[in-house]
Amino acid sequence: MRGALATAPPHQGRFMVGRDARGKCVVSDSLGLTGGVFTDRQAAVHFAMVECDYAPGEVSAAPPGLVLSVDTIFAGPGREQ
Numbered sequence: 001m002r003g004a005l006a007t008a009p010p011h012q013g014r015f016m017v018g019r020d021a022r023g024k025c026v027v028s029d030s031l032g033l034t035g036g037v038f039t040d041r042q043a044a045v046h047f048a049m050v051e052c053d054y055a056p057g058e059v060s061a062a063p064p065g066l067v068l069s070v071d072t073i074f075a076g077p078g079r080e081q
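Quick note, the sequence shown lines up with residues 1 to 81 if you use UniProt numbering.
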């Protein structure tokens with residue numbers, strides 16, 4: 001399908017490593033508790049692996065075309081999205 005955004009695949013672990021709308025490397029947490037923007041993919045994967053205590057299957061790569069966001073992690077009382 002041309003022009004359509006990819007949808008998230010079925011659950012593939014707690015953390016997904018990919019890119020945001022600006023092309024930055026991000027880690028998205030399926031629980032919405034943590035995550036962030038990173039200087040490169042290696043740093044993002046390292047963060048996710050440490051956060052899940054290196055548990056097998058808890059970190060996956062976002063499929064091509066899926067745009068990740070960490071906005072909800074940083075949103076809270078008194079903060080604009």
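Take these hints with a grain of salt, some might be off.
As the list claims (entries may be wrong) - Listed below are the simulated SDA-like cross-link pairs for lysine to any residue, each with C-alpha atoms no more than 20 Å apart in a straight line:
(1) Lys-24 <-> Asp-40
(2) Lys-24 <-> Val-67
(3) Lys-24 <-> Ala-55
(4) Lys-24 <-> Val-37
(5) Lys-24 <-> Thr-39
(6) Lys-24 <-> Met-49
(7) Lys-24 <-> Asp-53
Hint data in this document are derived by calculation from the structure and do not stem from the laboratory.
Agreement of Lys-24 and Thr-39 with the hint, judged by alpha carbon distance not exceeding 20 Å: Between Lys-24 and Thr-39 the Cα gap is close to 8 Å, so the pair holds against 20 Å.
Proposed proximity, Asp-40 with Lys-24 (alpha carbon, max 20 Å): At roughly 8 Å apart (the allowed maximum being 20 Å), Asp-40 and Lys-24 satisfy the hint.
Lys-24 paired with Ala-55 [C-alpha distance capped at 20 Å]: Not satisfied, since the Cα-Cα distance of roughly 25 Å exceeds 20 Å.
Proposed proximity, Met-49 with Lys-24 (alpha carbon, max 20 Å): Status holds; Cα separation ~19 Å.
Hinted pair Lys-24 and Val-37, Cα distance within 20 Å: holds (7 Å)
Agreement of Lys-24 and Asp-53 with the hint, judged by alpha carbon distance not exceeding 20 Å: violated (24 Å)
Satisfaction of hint between Val-67 and Lys-24, Cα-Cα up to 20 Å: It holds: about 10 Å lies between the C-alpha atoms, which stays within 20 Å.
Consistency note: the structure conflicts with the earlier hints numbered 3 and 7.
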